[in-house]
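Sequences and hints are given; from them, build the entire structure.
There are 2 protein chains.
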Amino acid sequence: MNLSPLVFPCRLKMEEPSSSDKTADADRVLKALAEYGYPDIDISLPLLRRLPEELRKNRFSVTLVIGRQGDGLKVLDIGREKIFGLAIDIGSTNIECSIFDLVSGTKLDETGMENPQVIFGNDVLTRVQRSMTGDFGLLTNALLDGLSELIAKICGGNNVSSEDIFAVTIAGNTIMSHFFLGLEVNNIPISPYIPAVSSAVFTSGRETGLAVNGNALVYVFPNAGSYVGGDIISGLISSGVYNEEEPVLFIDVGTNVEITLGCRDWIMVGAGAAGPALEGGVAGIGKKAEAGTISRVRIDSRTGEIQMDVISGEEPKGICGSGLIDLISEMYSADIIDRSGRFVSSGDNIIEKDGVKAYLLHRSGQEELYLTEAEIKNFLLSKAAMFSFLYVFVRAVGLTFRDIKKVFVAGALGCGINPESAINIGMLPDMPRERFIPVGNSSLKGAEMVLLNRDLLCDVENMTRKITYREMNEDAELMNILQGAMFIPHTEPEMLKG
Amino acid sequence: MNLSPLVFPCRLKMEEPSSSDKTADADRVLKALAEYGYPDIDISLPLLRRLPEELRKNRFSVTLVIGRQGDGLKVLDIGREKIFGLAIDIGSTNIECSIFDLVSGTKLDETGMENPQVIFGNDVLTRVQRSMTGDFGLLTNALLDGLSELIAKICGGNNVSSEDIFAVTIAGNTIMSHFFLGLEVNNIPISPYIPAVSSAVFTSGRETGLAVNGNALVYVFPNAGSYVGGDIISGLISSGVYNEEEPVLFIDVGTNVEITLGCRDWIMVGAGAAGPALEGGVAGIGKKAEAGTISRVRIDSRTGEIQMDVISGEEPKGICGSGLIDLISEMYSADIIDRSGRFVSSGDNIIEKDGVKAYLLHRSGQEELYLTEAEIKNFLLSKAAMFSFLYVFVRAVGLTFRDIKKVFVAGALGCGINPESAINIGMLPDMPRERFIPVGNSSLKGAEMVLLNRDLLCDVENMTRKITYREMNEDAELMNILQGAMFIPHTEPEMLKG
Chain B
124 MNLSPLVFPC RLKMEEPSSS DKTADADRVL KALAEYGYPD IDISLPLLRR LPEELRKNRF
184 SVTLVIGRQG DGLKVLDIGR EKIFGLAIDI GSTNIECSIF DLVSGTKLDE TGMENPQVIF
244 GNDVLTRVQR SMTGDFGLLT NALLDGLSEL IAKICGGNNV SSEDIFAVTI AGNTIMSHFF
304 LGLEVNNIPI SPYIPAVSSA VFTSGRETGL AVNGNALVYV FPNAGSYVGG DIISGLISSG
364 VYNEEEPVLF IDVGTNVEIT LGCRDWIMVG AGAAGPALEG GVAGIGKKAE AGTISRVRID
424 SRTGEIQMDV ISGEEPKGIC GSGLIDLISE MYSADIIDRS GRFVSSGDNI IEKDGVKAYL
484 LHRSGQEELY LTEAEIKNFL LSKAAMFSFL YVFVRAVGLT FRDIKKVFVA GALGCGINPE
544 SAINIGMLPD MPRERFIPVG NSSLKGAEMV LLNRDLLCDV ENMTRKITYR EMNEDAELMN
604 ILQGAMFIPH TEPEMLKG
Chain Z
124 MNLSPLVFPC RLKMEEPSSS DKTADADRVL KALAEYGYPD IDISLPLLRR LPEELRKNRF
184 SVTLVIGRQG DGLKVLDIGR EKIFGLAIDI GSTNIECSIF DLVSGTKLDE TGMENPQVIF
244 GNDVLTRVQR SMTGDFGLLT NALLDGLSEL IAKICGGNNV SSEDIFAVTI AGNTIMSHFF
304 LGLEVNNIPI SPYIPAVSSA VFTSGRETGL AVNGNALVYV FPNAGSYVGG DIISGLISSG
364 VYNEEEPVLF IDVGTNVEIT LGCRDWIMVG AGAAGPALEG GVAGIGKKAE AGTISRVRID
424 SRTGEIQMDV ISGEEPKGIC GSGLIDLISE MYSADIIDRS GRFVSSGDNI IEKDGVKAYL
484 LHRSGQEELY LTEAEIKNFL LSKAAMFSFL YVFVRAVGLT FRDIKKVFVA GALGCGINPE
544 SAINIGMLPD MPRERFIPVG NSSLKGAEMV LLNRDLLCDV ENMTRKITYR EMNEDAELMN
604 ILQGAMFIPH TEPEMLKG
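Just so you know, the sequences run in chain order B and Z.
Residue 124 is where the first sequence starts when you use this note's numbering, and the numbers rise one by one after that.
Residue 124 is where the second sequence starts when you use this note's numbering, and the numbers rise one by one after that.
I should point out that these hints are in silico values taken from the structure, not numbers from a laboratory.
None of the values given here were measured: they were computed from a predicted structure.
One thing to keep in mind: the hints can contain errors.
The list treats identical chains as interchangeable, and a pair is accepted whether it falls inside one copy or across any two copies.
Unchecked claim - Mimicking DSS-like on lysine-lysine, the simulated pairs with C-alpha atoms at most 30 Å apart in a straight line are:
#1 154 to 197
#2 528 to 620
#3 589 to 154
#4 230 to 276
#5 276 to 205
#6 589 to 528
Written as structure tokens, this is what we have:
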């Protein structure tokens, strides 16, 4: 990849002033920059003040840190050799952050934390309501403090001074981006749902209050309205949807199911509440993908024996979204549950917990990992919502699943969904398996890509303009399709083929 | 004049958001601005944060304060109706400041003060030396404190809040501009005489520390090297030299004599030390033009009777540069002094002060205004320097005085020089009197013009590029011409005609 990061070093070696060349210091630098291919760069007064001494330290050889600003460029620092950048995905539940050496383009590390706003409410709307009743400052501060902590952690762990961080790219949904920027969220949840800003925001470490260099360029992805946040835009950038010749699907499953259908000519995004089931949140044993999480399940339909993959091979402590999809699919295939999700057998693993039936997945001393019938029902509601959204969405533009050549699967399921299982239970359409492409945290990936390649800023802008939004929960057909989709795989299995 | 000030209000009346137009607040404003003819305007994060509330205060009617920034524009404030601007000329000795209502373009007031750096040394070089030995902070602070005082005075006197000042234009010589901006001056007095910056500086109230709105656009005129400061550039802008088809002269007399010769195709600037005589500083009775200053003198050659014009008609307390030129010319015409400046008569007005001869101009009680022979000699040295510079300069480009169709006279003499007197003593060349055009404080005037007309920024830039500098004191011919010019009018009067 050709490295052209958002912020980059420019090493200048200039002629020293002489009686035949009395060009002033700043003008000498601007001239050298223009010869280098960067005309009209802005140098702020505080940097101008340091310039004469910095130039004379090393006989007019100097390294400038240069950052993109709007359509132009500006000098962010003088005489600094190390330049690092952060890509940050601010999810409603989790924040992920990665750090890059922008001189070499190397990724040094990635880390994450729970969004500290979670203590104000799990769902975003609760937080917006709190901020509307006077706690806006508390919520933005909590987020900023959390980010500072995260930055301190990733910097400390990689021997990077936070003063050497000159670029930050931020992807988050519209409300998270607003909280991060300290922008009023009051008008977002009330019709006609107006964000303070949709365009990309170019700002600075100083203005955002992030614990990085004050002059750092902080880039916040644009949104396409209250429901299509910068996290989706960023994900679409990372998957390259906007470069596809033929329509592809992009599915991001978090608290909402967000579906994008499009190609280089048009992009349609829809979102709908699917419940937290697919994140694993529906079940007591649900857990995000980390060490000790079950990511794969197999059940021998003859013996009922359970085989599991556990991340890092540790003692299992929970199951992630893709593991849960495996589990439901395998329970169905092994005739442990019927089409409606009810237990049909009473084998060794069917236990009773607090008066309700449950399936025991794993026992280790006092610890039991199990799934109740109510949890399975809940899961099926979510899978039904997801499939129905996909079906309605693809049909809305006159296509069928057969027309879709790629399905990018991001978010909680993207870390390693098993299409076979998802198709088996009727959550994903029955398409050739190789068309499903897992893309993990596509939002963080998009933020990383822009951090390393400023040329993508144009793509982001052009793509965002093409996006139209479709409210899926309002679709008239949806309820009918949803009813059938509550069953495994569906009351009309032909619909899975589109 | 078409008003297009550096900073201007833009009143927007937008459609309110609705379910059929969900454009975000900032994007709505940017769209309205683009329709207004201002695309790609920058809105900083602190202003974005205030935007939603400001828009909803008055149903999406709002006034933005817009300022030029580099080649583009940016929003400086939201919801403010009053916009004022300051033009400031920072002279080594005096600071002049005028205030404008930028909405109407009206000049409200003009005031001035002594440059507070004078306590560190009358001449600029002394101040630079002090700053090189550790007092840079003291000198810049003195200047800034003085400016704050001046701004408070002019704001207070005109009922203007300093927070409503959104534009400041600053004209000063290269060293004064550097002190004002807090830019190192150490390299300016040492060969090869390199300023920190020559280009125009666009900065802010915040970055300069001026007592105006933090977002105010502060524009500092460019220089054309260490010797051709922003004050000269500004003066040339005000006189329109750069628009002339045929070469004209521009003479600015302060501590130095600065001469510009040029037209729209080329501009040559030269400067040389002429002593402070022409500012009135040579004589004990020298005084700047203000109430109580003698500005005109007539001596009846028959009776020796003295007639004087005194500014504001008050009791005379001193004499300004143009008055002094009148006085010397009249003393010569009335045969009170000879060609070499020595007293030839012993009339009523020839007195003796501390053992030297002097001419008594005025007596009021104990107060005597008089001029000694030594002071006259000193004056003649200055007038000789001035004439010689002009002669050498015009000849250097192959012209004679006859070729020059306009002579703009600025600075200390510009307030009302009497060409007849100046020509009579051989200070100015013997040209048709109507060719002499007094332009007063041309530097302040240029700063005012840019404040009111941002289109001139291009002219400033283009003109500055055309300027070449010529060191006059180094001219081989100069000493010969100077010798003759020490006499009234000259030992070879033909030279006065070019």
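Consistency of the hints with the structure:
no.: 1; hint: 154 to 197; verdict: both (14 Å within a copy, 25 Å between copies)
no.: 2; hint: 528 to 620; verdict: within (13 Å within a copy, 91 Å between copies)
no.: 3; hint: 589 to 154; verdict: between (39 Å within a copy, 17 Å between copies)
no.: 4; hint: 230 to 276; verdict: within (16 Å within a copy, 57 Å between copies)
no.: 5; hint: 276 to 205; verdict: within (19 Å within a copy, 47 Å between copies)
no.: 6; hint: 589 to 528; verdict: within (21 Å within a copy, 63 Å between copies)
Every hint from the earlier list agrees with this structure, and none is contradicted.
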